[in-house]
Structures are given as C-alpha cells and as structure tokens.
Amino acid sequence: MKTTILEKDGELVAVFEGRLDTAASVETEQALKPLYDCTGHNIVFDCTKLEYISSSGLRLFLSVLKNAKPKGSHVYITGINDDLRTVFAMTGFTNLFEFK
Amino acid sequence: MIPKLNPHGEALLEQYREQLPLLEQLSETVYNQLRQVFHEQAVELSAIECRVKTESSLAGKLERKGDKYASLEDITDLVGLRIITFYTDDVDKVAAIVQQLYEIDWSNSVDKRKLHELTSFGYNSLHYICRLKGGKMPFEIQMRTALQHVWSAIEHDIGYKGAVKLPPEYRRQFSRLAGMLELADDEFSRLRTTMTDYRRQVQALVKSGKLDEVLLSTDSFRSYLELRPFQRLNQRIAAVNQAEIFPASLLPFLSVLESFGLETLGDVQRFIDENSDNAYQLSLSQLAVTDLDILSESIGLQNLCLAYVLKNGGGVGGLKNIYDLLYGEHDKNEMLAEMMYEQASQLPFVKK
Numbered sequence: 001m002k003t004t005i006l007e008k009d010g011e012l013v014a015v016f017e018g019r020l021d022t023a024a025s026v027e028t029e030q031a032l033k034p035l036y037d038c039t040g041h042n043i044v045f046d047c048t049k050l051e052y053i054s055s056s057g058l059r060l061f062l063s064v065l066k067n068a069k070p071k072g073s074h075v076y077i078t079g080i081n082d083d084l085r086t087v088f089a090m091t092g093f094t095n096l097f098e099f100k
Numbered sequence: 001m002i003p004k005l006n007p008h009g010e011a012l013l014e015q016y017r018e019q020l021p022l023l024e025q026l027s028e029t030v031y032n033q034l035r036q037v038f039h040e041q042a043v044e045l046s047a048i049e050c051r052v053k054t055e056s057s058l059a060g061k062l063e064r065k066g067d068k069y070a071s072l073e074d075i076t077d078l079v080g081l082r083i084i085t086f087y088t089d090d091v092d093k094v095a096a097i098v099q100q101l102y103e104i105d106w107s108n109s110v111d112k113r114k115l116h117e118l119t120s121f122g123y124n125s126l127h128y129i130c131r132l133k134g135g136k137m138p139f140e141i142q143m144r145t146a147l148q149h150v151w152s153a154i155e156h157d158i159g160y161k162g163a164v165k166l167p168p169e170y171r172r173q174f175s176r177l178a179g180m181l182e183l184a185d186d187e188f189s190r191l192r193t194t195m196t197d198y199r200r201q202v203q204a205l206v207k208s209g210k211l212d213e214v215l216l217s218t219d220s221f222r223s224y225l226e227l228r229p230f231q232r233l234n235q236r237i238a239a240v241n242q243a244e245i246f247p248a249s250l251l252p253f254l255s256v257l258e259s260f261g262l263e264t265l266g267d268v269q270r271f272i273d274e275n276s277d278n279a280y281q282l283s284l285s286q287l288a289v290t291d292l293d294i295l296s297e298s299i300g301l302q303n304l305c306l307a308y309v310l311k312n313g314g315g316v317g318g319l320k321n322i323y324d325l326l327y328g329e330h331d332k333n334e335m336l337a338e339m340m341y342e343q344a345s346q347l348p349f350v351k352k
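Chains A and B, in that order, are what the protein sequence lines are.
At position 48 of the first sequence the residue is numbered 48 (my numbering), and the sequence of numbers has no breaks.
At position 63 of the second sequence the residue is numbered 63 (my numbering), and the sequence of numbers has no breaks.
Don't read these hints as lab results, they were simulated from the structure.
Treat the hints with care, as some may be off.
Unchecked claim - Partner residues are not named here, just some residues of chain A that face chain B (Cβ under 7 Å, in silico):
id: 1; residue: Val15
id: 2; residue: Gly18
id: 3; residue: Thr22
id: 4; residue: Ser55
id: 5; residue: Leu58
id: 6; residue: Arg59
id: 7; residue: Arg85
id: 8; residue: Thr86
id: 9; residue: Met90
id: 10; residue: Thr91
id: 11; residue: Gly92
id: 12; residue: Phe93
Claimed, not checked - BS3-like cross-link-like pairs, simulated, lysine-lysine; straight-line CA separation at most 27 Å:
id: 13; chain 1: B; residue 1: Lys332; chain 2: A; residue 2: Lys100
id: 14; chain 1: A; residue 1: Lys49; chain 2: B; residue 2: Lys332
id: 15; chain 1: B; residue 1: Lys332; chain 2: A; residue 2: Lys69
id: 16; chain 1: B; residue 1: Lys65; chain 2: A; residue 2: Lys8
Backbone N, C-alpha and C define an ideal beta-carbon position, used for all residues, glycine too.
Okay, chain B solo, but in the shape it has when bound (with noise of 0.2 Å):
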C-alpha cells in the first residue's frame, strides 16, 4: 500500500515512475557488465543480484525522511546491486574492479566492516554508490561474502535491529555468532590459500618427477594427468584398428586406484609400468576380431584397472567391483563383469 505523501514526496513518486524504464535498463546495464568482467578476469563469484526500488519500497523511504532528498538523484539506492563473493579476499578483490568501472561517490559510500568498536563484534557489507562514467542516476553495489549474507539475512529475518532492544544475553549470543562467522571467513580465505601453495607444490614435484613424495588425491592425479601418463598405452591400443581417441575425463578411476592401495603418484606410474603389456593384451584380444575405430581415452587405463585385477585374481567379483565404482552399484555390472572375464580368461596372465 501507497502511504499519503506530501507534495514533495508525491513529485519524486512521480518523477521515480516516468523513469523507471531507464532504472531499469541502468540496473541491466550494470549488470551485464560486471557479469561479463567477472568472467574475464575469472573471479568465481556467488551470486550476483540486482533489483530497483519498488515503489511502495521507494514510498515507504519517502515517508519517514523525504524531505532529505531534493530530487530523484539525491536518492542513490534506487538501482541495487550485490555482489557475493565465496572469500573476504574477493571482495577488495571486486572492489577494486568496480572502482575501475564506475565513478565511485565516496562521501556516502561506506565500508561497514570498518565501522566496528575494536571490542565489538559486527558483520557487515562493503557498500559503494556509483555512476557509469559521464552518467548522472546514482546506484548502489554491495560487496560481500557468502557468509556476511547470510548473516544479514538472518539478523534482518530475526529483528535484530529492530524498533525492540534485544536483553544483553541476546545481544552477546548475536556477537559471538557474529564473530565465529567473522573466524570462519578468515578461516576460509586462509585455507583457499594453503591449497593453492599446496597445488603448486605437487605440480613442481609431478614436473620434476619426484613422484614417491605425492600423496594420491584429486589434485595431484590432475597434475599428473597433464603428463599425459596413458598417452603411450592408448595409441598402442588405437593402433590394433587405426582408431581414433575421443577425450574423456579419467578422474573417476582415482577411486578405483585407491581401491588397489596406491598411495602416491609413485605407485601409480609403477602400476602403469608393470600393467600396461597385459592391458594391451587384453585390448588387442578385444578389439582386434572388431572393427570399431573409435576409443574413449579412458581406454588405456580402463583395461590397466581390469588387467591388474585380471592379473591379481580378483576375477570376476574384482571387475564388478571396479565397474561398482565406476558406474555406482548396478545389475547389470556383474553381468558386464562375467562378460569380460569370459573373454579375456584364455590370457596368459590371468590367475584364475
């Protein structure tokens, strides 16, 4: 509902409804933009939001303090934007962006996160009041992280700052959870950066081939995938029908690597080392009787997983095992697992 304004209020009203398309192609505008930025400069980003006042929102604003504004222009929250970052780092990080883009108007722009008594906690947005280059209609871009938004949320959902003052006891709770989200932001930031050095670390280590010294795990098997590891393997294989190699991603087979015991990127090139003759074998047993000329990449160290078993005699319940953790438990994997044990059982190095 509308509330009665005076004459004052009524005109910037009607001011705010003959431009309201342009807020709104100002609000898209804006939008756009920092999406796109975002994207170039490859800043992961939340979420990014954006809305115009409404007008009972506007109405409402106009009631209480009016008189404040002289004109449309004087009002700087009528296009709003709010960026959400994953980490506290990335919100100077788009600040300093949005600086570059926009001419920033420091005199209302604040940054609440400054704003607390030192021995105080409090948790709060980065807020700065903009216009395009050369553009005249303010708006307001909010920075903050993920966890700061829910935080305001939350604080706005419960009343906190509210017409009734909360007890003391309910206030302090508010502190420490405020400050417990505070840490794990830190906390947050602090961690992204141990495993960014730590990512570095194992791809200097997979470089140099010290591959005793790195643990298996999703990162280091990446690094090592960019050694192209099974390069050799499949070619030897596509050369059985002159195929083709179709990429695909070979991250699901870490599980079943580790279902083997390997623990470092040193037990899986040992693995490779020791299996791929078989897992040759195995393939030219396969592929040779057929005409099928075109392969997944995962093909090499597919038939390394099954080859090892195979070789093991884990039979036919190790290759269901490894299609279990492939695929996810299934039917029908135990009947592709009996399939092919029965072609490949006349290998030679199969242990029955």
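Same shape as in the complex, but just chain A (with noise of 0.2 Å):
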C-alpha cells in the first residue's frame, strides 16, 4: 500500500495506491498526518489506484473528514471503481462523503 501526499490546485490530494487493508492501515494513518494541519485547504482522496478498503480504511478517511469538516473544508472521493462504491453505499458512506 502506498499513500501520496500532493498540493494540486490549492487542494490537498491523498493518492492511494493497492488495498487499504487492516494490517495497511497505521501505515496509511501516518502518510495521512499532513492532512490533518489543513487549514481551510479542501482535501481529495484519489482513490484511482486503490483497489480494497476495509473497515479500518473507512476509519481512517472518516478520521480526516471529522477534522476537516470543522474548519470548513470539504473531503472529496474520486475515482473509486465499482467494489469500492458498493463498500461505500453498502454502509451508508456514500451519505457522507462528496464525491467527484
């Protein structure tokens, strides 16, 4: 699993790469720490190369979204292919996040 963190357009993106598994997840939560110091910055999960999430990924990008909800910044999800999606509407996820 390989999480990147990049400045694009004034936005924060979060590039994941592989399955966002248990045993990935306190890896992924360390490469997620910049974007806990956004400051009003919008944040992107580009989840284009992402190909499984588990309950813990869902964790860690509700993690973010609670940080980043208070100080006025939006968390978009783009790229998920088709499982991901159904993980996502399956628990109700889709409800919470915006997607691109």
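Both chains come to you apart, so use the hints to assemble them.
Structure, rendered in structure tokens:
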C-alpha cells in the first residue's frame, strides 16, 4: 500500500495505491498526518489505484473528514472503482462523503 | 487629499495621528467583545463591521465643523461599529446588550427610527455613542437591520441627501420604497415569530405521538428525528457484524420520502413499520458476507428506502431515482443501482 500527499490547485490530494486493509492502516494513518494540519484546504482522496478498502480504511477516511469539516474544508473522493463504490453504498458512507 | 485646516484643526489632526494605534486597539477590543457576547447569547447577525475614521475623512470633518470640537474626545465617531441584524426585533435586543456592556452617552445617542414625521416614511438606524466602562474615548455603534442597511447604502449611492434637492415625484418614489422596506422588515419579523410558534406546535404533536396531524416538512422531520425512529433498525443492522455506527445527517432523505408520496409523519412511521424487516433482510444479505464493522447512521433509512422500491417493483430505475435525489444526477448512480439490484434480486420480498 502506498499513500502520497500532493498539493494541487490549492487542494491537498491523497493518492492511494494498493489495498487499504487492516495491516496497511497504521502506515497509511502516518502518511495521512499532513492532512490533519489543513487549514481550509479542500482534501481529495484519489482512489483511482485503490483496489480494496476495509473497515480500518473507512475509519481513516472518516477521521480525516471529522478533522477537516469543522475547519470548513470539503473532503472529496474521486476515482473509486465499482467494488469500492458498493462498499461505500452498503455501509451508508456514500451519504457522508462528496464524490467527484 | 488633506485640506488646509486652521491651527485648532491641525492640532486635533496631530492628536489623532498620535492616538491612532489606541483607536485601532479600541476598535478591535469592542469588535471582539461584541462578537463574543452575541455568540454566547445566540443572537444571529448578518454582520458586524468596524472601522477607525481615516485621516482624510477626519480632516474633511474638521474643515467643515472643526470649531465645534474642543478636543479629540468630542468627536464621537472616530471609532465606529455597525451591527446588522436580520430582524427588526433583534435591533432592540442588540441595543439592550450594548447598554449592558458599555456606558451610553444618551445626550448624543439617536434613535433615528423615531425621528420621522407620522405622515412620512423614512428609514434609519439606532446610533449609540458609547464608552468602555471607565474609559474616556467615545465610539459609535450603529444598529440596523439588513434591509435598513441596504436602504442606507442605496440612499448614499443615489445622493438622496446631497446638495441637489430632488423633485417631489422622485422624493415620493423614495418614500414609497422606504415604506415598502419598513413593511417587509416587519413582515419578516412576524414570519419568524409564526415559524417559531409552528415549530413548537409540531414538536408538541410529535412528542404526544399525534404523527398523522403533522405534515412532513424539514422542520417536522427534524423534530421527528429527535425521537430516533431509525435507532432500532440501525442497531439490528449493526448487530450483523457488531458494527460501530457513525453519526450522519438524515435530512437529505426527506426528498426521497416525499417522492414516495409520504405526506405526514404518520405516513413515515407506517413506512418504517411496514418495511423494517425487508430493510434488515437487505442489509443482512449485503453485510453478512463482509467484515465491515463501521456503518453510517443513515444505513437504516437508506435501506428502508431501497427495500420499499424493490418491494413495489421499482427495479433499477427506482433505485437510481433514490441515488439521484440523494447525490444529484450522475452516470455512476445507474451503475450503483444495477449492482444493488443484482445483490438484492434473490431476496423474497423483491417484486420483479
């Protein structure tokens, strides 16, 4: 699992590659740390190369959302494949995030 | 450009330059105090503005009427703040709070709202000249509604009070508009009171269980949600994987419930009672084969809506309609609807 944080057009973009499962979640949590310092930047989770997400991964996404929302930032999810979209729909998470 | 002043005016202007940092500090102090107290008292405002008079503006004033002021403290609007409320009732409330916070110089304060002739219209605000308790330097606080603010801005822009006197037909046009705005301000206040009463009535009806008497609306649905009507279903679904439930807003589902033709909270209650088992079966079929142990609070209501459509033969089109209403129309909604339909198609309650 590889996570890269970029700044693009004033937005913080987290690019995920691989499987975000329980084993990868500790490392990914560390990689997402810079997103917690966002001050009004919108955040984009680029999931184009994300193959799988577990509950631990969903919790990480939520944690970033919970931190960003009170600061007025939006958290967008982009590029999710059909399987991931189903996971988001089955858990009701589609109602929590904004999709691009 | 700074005009040429007499020696007294020049002396006052020099004092102003020396005191400018203190004036700016005073402006900031009062601004922050007001913001904090209105936040604490939950007074919703359109805006609070503050400014320190600029040197050129002060020089202009001193050129026109400099002899009137013996010292800088006699110029009461060097620091000015403006509190803009949404409703007329709130102007008085804001004024009462300002009276508590500061010493008011009543001899120089004006309620311009009361200055109009009975037979004419006009539109102005409440001006208080204040001092910090024990403070020396005065500052002015203007309080007005958003509509009064718009009126003042347009009046200033058009130059209604300028040197050129407007012909009577234009003055009459101004008066008519002022009257209309005054009436609109009063009506907005009245509407707020009516809406507050309505919300209280709805809350009382919801609490007493008379749900058939309450029409479905944003307000009534919000009150209904306080009863946590989806909690039992959510807990049942969460038990499938011992999942944690994450709070979520359920208000976006109102449009979906309305699209099903539900008109009262009683209809919503029956909708829950009649579809909960099917919503649970749907959730079970989806979640039992996963280890997903975190769910959004919207899961129960979401699956109630999906189950209702599936049970009534709405098929992929009906599911897509739900997603369109929740997330806006999007190509992906059809794909999601197809996947959900495929997953659910073997469930016994699904009408094909």
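Hint check:
Taken as an interface hint, Val15 of chain A does not check out: its beta carbon lies about 20 Å from the nearest beta carbon of chain B, beyond 7 Å. Hint status for Gly18 of chain A: violated, given a least beta-carbon distance of 19 Å to chain B, over 7 Å. At about 9 Å, the closest approach between the beta carbon of Thr22 of chain A and any beta carbon in chain B exceeds 7 Å, and the interface hint on this residue is violated. Interface hint at Ser55 of chain A: satisfied, since its Cβ lies 5 Å from the closest Cβ of chain B, which is below the 7 Å cut-off.
With a least beta-carbon distance of about 5 Å to chain B, the hint placing Leu58 of chain A at the interface is held under the 7 Å criterion. Against a cut-off of 7 Å between C-beta atoms, the interface hint on Arg59 of chain A holds, since the closest Cβ of chain B lies about 6 Å away. Given hint, Arg85 of chain A at the interface with chain B, holds; its Cβ is 6 Å from that chain's nearest Cβ, closer than 7 Å. About 5 Å separates the beta-carbon of Thr86 of chain A from the nearest beta-carbon of chain B, less than 7 Å, and the hint is met.
Checking Met90 of chain A against chain B: minimum C-beta separation of about 5 Å stays under 7 Å; hint holds. Using the Cβ-Cβ criterion of 7 Å, the hint placing Thr91 of chain A at the interface with chain B is satisfied: the shortest such distance is roughly 5 Å. For Gly92 of chain A, the suggested interface contact is upheld, since its CB lies about 3 Å from the closest CB of chain B, less than 7 Å. The beta carbon of Phe93 of chain A is positioned within 7 Å of a beta carbon in chain B (closest approach about 5 Å), and the interface hint is therefore held.
Proximity of Lys332 of chain B to Lys100 of chain A is assessed by CA-CA distance (about 11 Å); at most 27 Å being required, the pair is judged to hold. The suggested pairing of Lys49 of chain A with Lys332 of chain B holds, with an alpha-carbon distance near 18 Å, which does not exceed 27 Å. Between Lys332 of chain B and Lys69 of chain A the alpha-carbon distance is near 25 Å, which keeps this suggested pair within the 27 Å criterion. Note on Lys65 of chain B and Lys8 of chain A: the hinted pairing is violated, with a Cα-Cα distance of about 56 Å set against a maximum of 27 Å.
Checked against the numbered hints given earlier, this structure breaks hints 1, 2, 3, 16; the rest are met.
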